[in-house]
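Residue numbers (the working numbering), protein chains in the order written: chain A, 891 to 1181; chain B, 891 to 1181.
Since the hints were made in silico from the structure, they are not lab data. Keep in mind that a hint or two might mislead.
Because identical chains cannot be distinguished in the list, a pair is counted as satisfied if it fits within a single copy or across any two copies.
[What the hints assert, rightly or not] Pairs of lysine-lysine residues, derived as DSBU-like cross-links and limited to a Cα-Cα distance of at most 30 Å, are as follows:
id, residue 1, residue 2
1, Lys913, Lys1107
2, Lys1107, Lys1021
3, Lys959, Lys914
4, Lys1146, Lys959
Protein chains: 2
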Amino acid sequence: MALVAAENHPIWDYVNHGQPVVKKPLTALPIIEIPTLAATGSEANSGGVITNWETHEKAVFGSPLLFPKVSIIDPELTVTVPEEYTIDGGIDIICHVMEGFFTGIDDTPIQDRFSLAVVRTVMDCLPVAVKEPDNISARSNLSWASAVALSGIIGPGRRGSYPLHAMQHALSAYYDISHGRGLALLLPYLMEYTYPTRPSKYAFMARELFGIDPEGKSELEQAKLGLEWMIDFLRSVGRFMKMKDVGITDDSNFEKMAEVTIRIYSPNKQYLVNPRPLYKEDIIRIFRMAM
Amino acid sequence: MALVAAENHPIWDYVNHGQPVVKKPLTALPIIEIPTLAATGSEANSGGVITNWETHEKAVFGSPLLFPKVSIIDPELTVTVPEEYTIDGGIDIICHVMEGFFTGIDDTPIQDRFSLAVVRTVMDCLPVAVKEPDNISARSNLSWASAVALSGIIGPGRRGSYPLHAMQHALSAYYDISHGRGLALLLPYLMEYTYPTRPSKYAFMARELFGIDPEGKSELEQAKLGLEWMIDFLRSVGRFMKMKDVGITDDSNFEKMAEVTIRIYSPNKQYLVNPRPLYKEDIIRIFRMAM
Chain A
891 MALVAAENHP IWDYVNHGQP VVKKPLTALP IIEIPTLAAT GSEANSGGVI
941 TNWETHEKAV FGSPLLFPKV SIIDPELTVT VPEEYTIDGG IDIICHVMEG
991 FFTGIDDTPI QDRFSLAVVR TVMDCLPVAV KEPDNISARS NLSWASAVAL
1041 SGIIGPGRRG SYPLHAMQHA LSAYYDISHG RGLALLLPYL MEYTYPTRPS
1091 KYAFMARELF GIDPEGKSEL EQAKLGLEWM IDFLRSVGRF MKMKDVGITD
1141 DSNFEKMAEV TIRIYSPNKQ YLVNPRPLYK EDIIRIFRMA M
Chain B
891 MALVAAENHP IWDYVNHGQP VVKKPLTALP IIEIPTLAAT GSEANSGGVI
941 TNWETHEKAV FGSPLLFPKV SIIDPELTVT VPEEYTIDGG IDIICHVMEG
991 FFTGIDDTPI QDRFSLAVVR TVMDCLPVAV KEPDNISARS NLSWASAVAL
1041 SGIIGPGRRG SYPLHAMQHA LSAYYDISHG RGLALLLPYL MEYTYPTRPS
1091 KYAFMARELF GIDPEGKSEL EQAKLGLEWM IDFLRSVGRF MKMKDVGITD
1141 DSNFEKMAEV TIRIYSPNKQ YLVNPRPLYK EDIIRIFRMA M
């Protein structure tokens, strides 16, 4: 809105959905954000997401112009968020940092530990916020996690990509499910598909996040335990799911979903960047794993 | 220098050393920093430290004007740092984050884990850099740890104080020892003096930083184990020390040192802010513990 109001052009000109030219924003109205949910972190980043329900495209756009000038983060505003969206928001925060962690370059221990610090804190505070919605300590730490997760301060220089978000957006563009729920749905299967390609990162997660003792275990074994712990966590908050749990009972849209994912999120390659590159067939396979 | 050159006033007018009025900087030359040591983090903060050898005062000053406009952090420039200063620099980084951790408010798990992330990484990389001075991975992670440690991004909202730095500055102002070495010298004794007052923070450190299993242990017991692990680390890098190891063989200056510490670092109180407040007598006691 800040962009469209200032430049008076259709928003989709700025959003990459496969068109030849993507317009660059030159001006935008100043933005002040007052988040009422701990989740996607718009209060401290410069991105946006929009869905076209007719073409089933859900795409991202961003510009430094869209950083909020001021954000007022008051955790009290989140105490009335219903349980289901509290959980989905928490999962969204976790995925924001895990994606950079799983896909970024090697040898970034501070960035990786900052990421796991956010994840661990969400894992600790989310069940508390679910049980006691007005627990201001849990809500405050979730709000802070939301703000830092995608702000750029936790992973500088690490690069990384967002294949999980890309695939989730295709899911949400075809089926009207919340962003965090779609991420929770796909996370274990993307991890299962990827961890043998890069066991070191997953083993590091297993040790640092879940305290798994590496003694006598290969990296691959540690990595697998890390995946299982992550599933246990998702199960504990009611988000270890299958497609049918979100109302998807057949695979008729999977091919189109995989196509749109590649077209929007990987315009210059035929695959999503991931330790195990995700071609169209790989994406379909992961969607099927979640059935 | 950036300040004195721009304002043409003596630097000690800007530095609190007990005078009635402390001058506020209004302008400064722009600063570009190219650190050649991973340590005190001037590349990403706005503070400075200066020693007056005649009055034995070592004091800090700071101003947003003194943030570098640009910092060029090239870890290759640190590969020729001698072993002894590599170690002292690493200890300095650890203390920068541990002080905020030990003294800040409760219920800041993300900030605390960010702090321990930096500490753990320094503990891992410092012995590598000592053994293989041109190991660019270890040097890079130490350089990044240096930059983030005192940059303000790891502990927002946590407040906290710097009693260890304050006491170390008195030590360095009387005896010409490196900053990091003075910190290493005092750290275990300040921890020992403080941990029973706030076992929860120290127990958190013990669990998260050293993987101590809390099963069947009180917080106080966990906290004590954390202290012992920290001493083990300092010993492993040759920095678990006594006063005599840095050439201090009598306590004749301790009273003056404690006085100057309070005068410079706690002008409005008679004690240094710490979970266990440090009056003059407490400071002398800690200096004596280190004999």
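Status of each hint after checking the structure:
Taking the shortest alpha-carbon separations for Lys913 and Lys1107, neither the intra-copy value of 51 Å nor the inter-copy value of 60 Å comes in at or below 30 Å. Taking the shortest Cα distances, Lys1107 and Lys1021 sit within 30 Å of each other only across copies (27 Å), while inside one copy they are farther apart (36 Å). Taking the shortest Cα distances, Lys959 and Lys914 sit within 30 Å of each other both inside one copy (20 Å) and across copies (28 Å). Taking CA atoms no more than 30 Å apart as the test, Lys1146 paired with Lys959 passes in neither setting, with 38 Å inside one copy and 49 Å between copies.
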